[in-house]
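What the sequence shown shows, in full-length UniProt numbering, is residues 1 to 196, in sequence order.
It is worth saying that the hints were derived from the structure and are not from the lab.
Some clues are possibly wrong.
25 Å max Cα-Cα, derived DMTMM-like pairs, lysine to aspartate or glutamate [stated by the list, open to error]: (1) 164 with 48; (2) 11 with 109; (3) 193 with 153.
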Amino acid sequence: MRKTNTTNKQKPICRLLALDAVSNAANMGSIIRTAAAFSIDAIILSDDSCDAWYRQSVRTSMGHVISVPIIRVSDWAYGRKNDEEDNHDEKLNGLAIFLRWLRGTMDVECLAAVVDDGSDKKHWQPFVLLEDQVETSRSWCCVLGNEGNGIRDVVIQECDKRIKIGMATGVDSLSLPIAAGILMHGLSAQTKKALE
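With the hints as extra help, turn the sequences into a complete structure.
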């Protein structure tokens, strides 16, 4: 964590990025490189995200994989289902548990990056566009999902807000590394402005 404001009244601001089931090594490397460019404090990977140390990821990151701390959170087995047909171990999503800890213990605002407003689902979190996000001097964690499926519902449920990049009509999504860069830049700029 770096201290972004030198007054004694301010506590250190932590800027985190969490990736849920990101499986493309080139995308992983590009996100790591972008995170280094925006001085992100750490990247948190779900148990089923690809390895940041895959050759393609390291090459695409231009070696910045060594400059950004990367934390992999494991899923937790917690027992057996009593279902006769489907008798496999149940798992608790490690990323969801970690986000709950960040919010509850560390007072980190967790923001789920989504491509739609989620009106078809029963999400309790407020929905905001990136450009409407209120400037905050709190620590934050931006959560990004899988290239094809987005963030799992169990992970979204542990976030404070759902956030979307405003785009022109007819454009429904961006590539994961591009979206990550826009979000990191926007959130970092809003934090800096709030601290001025």
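Against the structure, the hints come out as follows:
1. 164 with 48: Holds: residue 164 and residue 48 sit about 24 Å apart, inside 25 Å.
2. 11 with 109: The given pair, whose Cα atoms are some 14 Å apart, holds under the 25 Å limit.
3. 193 with 153: Outside the cut-off at roughly 31 Å; violated.
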